[in-house]
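With the sequences and hints as input, model every part of the structure.
From first to last, the protein sequence lines are chains X and C. Numbering-wise, our numbering puts 37 at position 37 of the first sequence, and it's gapless, one number per residue. Plus 294 on top of the position in the second sequence (first one is 1) and you've got our numbering.
Some hints could be false.
Stated by the list, open to error - No farther apart than 27 Å at their CA atoms in a straight line, the calculated lysine-lysine pairs in the DSSO-like style are these:
hint, chain 1, residue 1, chain 2, residue 2
1, C, K503, X, K265
2, X, K41, X, K109
3, X, K48, X, K160
4, C, K503, X, K231
5, X, K78, C, K579
6, C, K587, X, K78
7, X, K41, C, K569
8, C, K452, C, K587
9, X, K204, X, K265
10, C, K490, C, K307
11, X, K60, X, K109
12, X, K265, C, K490
13, X, K109, C, K307
14, X, K78, X, K41
15, X, K160, X, K97
16, X, K60, C, K569
17, X, K267, C, K503
18, X, K231, C, K497
19, X, K265, C, K497
20, C, K307, X, K276
21, C, K569, C, K579
22, X, K109, C, K587
23, C, K503, X, K109
24, X, K267, X, K234
25, C, K307, C, K497
26, X, K265, X, K276
Since the hints were made in silico from the structure, they are not lab data. Since the structure is predicted, the reported quantities are computational estimates derived from the model, not experimental observations.
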Amino acid sequence: MRGCVSAPSECFLRRVNFGIMEFKINHKKAGRKTYMKRRAKSVITEHKELAPHIFSLKIKTEMAKEAVPGQFIGIYPKDGARILMRPISICDADADKSELRMVYRAAGKGTTEISGFMAGESLDILGMLGNGYDLDVVRDRRVILLGGGIGIPPMLYAAKKLKEQGTEAVAVLGYADSNTFLREDFEKYCSVQIASMDGSVGTKGTVIDAMNENGTAGDVIFACGPMPMLKAVKAYAADHGMQAFISLEERMACGVGACLGCVVKTKEVDHHTHVKNTRICVEGPVFNAEDVDI
Amino acid sequence: MNTKVELAGIELKNPVMTASGTFGSGAEYSEMIDIGRLGAVVTKGVANVPWEGNPSPRVTEVYGGMLNAIGLQNPGVDVFIERDIPFLQQFDTKIIVNVCGHTVEEYIETVERLNDQPVDMYEINVSCPNVKQGALAFGQDPHVLEQTVKAVKAASKKPVIIKLSPNVTSIRDMAVAAEAGGADVISLINTLIGMKIDINRRKFVLANKTGGFSGPAVKPVAVRMVYEASHAVKIPVIGMGGIANAEDAIEFILAGATAVSVGTMNFSDPETTIKVIDGIEEYMKKYHVEDIKELVGAVS
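Structure below.
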């Protein structure tokens, strides 16, 4: 990565370009500082399995200072036959320690390879990617954090940041079974309700079932999880007159908006693409549920 | 040491450019690399009107590469002229606009809209495998290709590059047909048509079922086709297909390419183009090559 410390003419050019980027990528809310994306080296500081195939990865990187809940990074496999980064959401960030934490599922060959990397190893990453949740607009509201399965981890950093800014929140976490990974971490920041598909812990069923059973109250929803859950959340929010911000997932190649591989259909014509779809990696992954056609 | 190359009278500071569809119109990657170092930027395909592209999923990784079926989504030539050309003009690089269409008339309409714009060349995409109507159809029959090139050339005020498909029986015949139609330059290869099946769900991974296969795994096929095509025509050839580093780029140049494009590997490492440019210079120093043109086709 070339920084703005090189030749003055290049620096000037970069500043001008960056100005245009800020103008074009208008998902960056006013007042939020924007950072250059880059591929960079990090070092793994901790890597452990929390539940079967669910891994917690901590890395040392300056990107920790920039991370916003809901954003993600790209992690590169080391096997040269796997050329694309794996998009993985941020579970926690510690700016003072320059440490990012990701909790991910080893689902395919790439993430399985990544799960074998050891503490002390270097790791190539691309970041920070995506828009993240807008915490300013919910400052004086009560937020319901909905996480389903591997959609749970990004909600943890949101819960932490909401507590820091004094925003009331409740987390409703949906698990497959009694492997309630990250539950204790959430309890540090907010009240927690649990659902499990097999009924072994909390409400039997989905996060929606848990909300109905517990009469969970709030003004706005942040949600991340599998597509059927996000569809149900969108419908729930519409029924209850609530705003819902949902984090979408799609197969990605570049992660920075160039390839148009990861688009979602939109209600209105998108400002960048000029058609009715938008780039999840840049304009998302967090969207107002009303704006996307899922 | 001279790294300058010439394509149809247009001088590039070095032979390294981006492959269409892997670099947008440069805005996204301008955060990460200095676009002014590139020989040229080849833009994502532009049509006469906005195209929505294909349903998702559109991309997937395969061994040593990836498949894509974006379907040439683009905002249309009007937005391109208003937004993307002024952006690219800030940089000391050549602007090559990739033009796509469903019909010859659509190619011509876009070319005519761009004729008075400050762009350097057109690359006509007659080889996209992901668009049902047109596109690839123009690039798989030598006679149709020659007629299409003639029509586009007649409408164009700029030099025309014809981007060839590898999904043909004889790449020589296609190269000869493009030259006969009046092409100023040919570029190849576009993607190979591929498919991936999810055996657990027993479904196609891509919504489009098939997708264009690109990345390092396709390089040997691409080098062979560049060699065959460049020996069949007199016009310059732009070589591409899986270039990941300077060694790959030099292979294409030795096979007969005057210039090269970095495509899929931009996604993997955004600095690939810059590393290729630097690496070519190192190679030239190492082997005391004064002028890069000495390397073009210099394989025996």
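These are the hints, each one checked on the structure:
Proposed proximity of K503 of chain C and K265 of chain X is supported: the alpha carbons are some 19 Å apart, at most 27 Å. Taking the CA atoms of K41 of chain X and K109 of chain X, the gap is near 22 Å; set against the 27 Å cutoff, the hint holds. Only pairs whose Cα atoms come within 27 Å are accepted, and K48 of chain X paired with K160 of chain X is accepted, the gap being roughly 21 Å. Under the criterion of a C-alpha separation no larger than 27 Å, the hint pairing K503 of chain C with K231 of chain X is consistent with the structure, at around 25 Å.
Restraint check: the Cα-Cα separation between K78 of chain X and K579 of chain C comes to about 30 Å, which exceeds 27 Å; the hinted pair is violated. Between the alpha carbons of K587 of chain C and K78 of chain X the distance comes to roughly 36 Å, so the proposed pair goes past 27 Å and is violated. Pair hint K41 of chain X plus K569 of chain C holds up; C-alpha atoms about 17 Å apart against a cutoff of 27 Å. Note on K452 of chain C and K587 of chain C: the hinted pairing holds, with a Cα-Cα distance of about 24 Å set against a maximum of 27 Å.
Between K204 of chain X and K265 of chain X the alpha-carbon distance is near 32 Å, which puts this suggested pair outside the 27 Å criterion. As the CA atoms of K490 of chain C and K307 of chain C are separated by approximately 39 Å, the hinted pair breaks the 27 Å bound. For the given pair, K60 of chain X sits about 24 Å from K109 of chain X by alpha-carbon distance, which is consistent with the 27 Å threshold. Straight-line distance between C-alpha atoms of K265 of chain X and K490 of chain C comes to about 24 Å, which keeps the hinted pair within the 27 Å bound.
Simply put, K109 of chain X and K307 of chain C have alpha-carbon atoms about 41 Å apart, too far for the 27 Å limit, and the pair is violated. Taking the CA atoms of K78 of chain X and K41 of chain X, the gap is near 12 Å; set against the 27 Å cutoff, the hint holds. Between K160 of chain X and K97 of chain X, the direct Cα distance comes to roughly 16 Å. Compliance with the 27 Å bound is thereby established for this hinted pair. At most 27 Å may separate the alpha-carbon atoms for a hinted pair to count; K60 of chain X and K569 of chain C meet this at roughly 26 Å.
Between the alpha carbons of K267 of chain X and K503 of chain C the distance comes to roughly 26 Å, so the proposed pair stays at or under 27 Å and holds. Restraint check for K231 of chain X and K497 of chain C: the C-alpha separation of about 22 Å stays at or below 27 Å, so the hint holds. Of the pairs offered as hints, the one joining K265 of chain X and K497 of chain C holds, with about 22 Å between alpha carbons and a cut-off of 27 Å not exceeded. Between K307 of chain C and K276 of chain X the alpha-carbon distance is near 39 Å, which puts this suggested pair outside the 27 Å criterion.
Note on K569 of chain C and K579 of chain C: the hinted pairing holds, with a Cα-Cα distance of about 15 Å set against a maximum of 27 Å. About 43 Å separates the Cα atoms of K109 of chain X and K587 of chain C, which puts this hinted pair outside 27 Å; it is violated. Our distance criterion of 27 Å between C-alpha atoms is met by K503 of chain C and K109 of chain X, whose separation comes to about 21 Å. Restraint check for K267 of chain X and K234 of chain X: satisfied, since their Cα atoms lie roughly 14 Å apart, inside the 27 Å limit.
For a cut-off of 27 Å, the pair hint linking K307 of chain C to K497 of chain C is broken: about 47 Å separates their Cα positions. A threshold of 27 Å between alpha carbons decides the hint, and for K265 of chain X with K276 of chain X the separation of about 6 Å falls inside it, so the pair holds.
In this structure, the earlier hints numbered 5, 6, 9, 10, 13, 20, 22 and 25 are contradicted, and the remaining ones agree with it.
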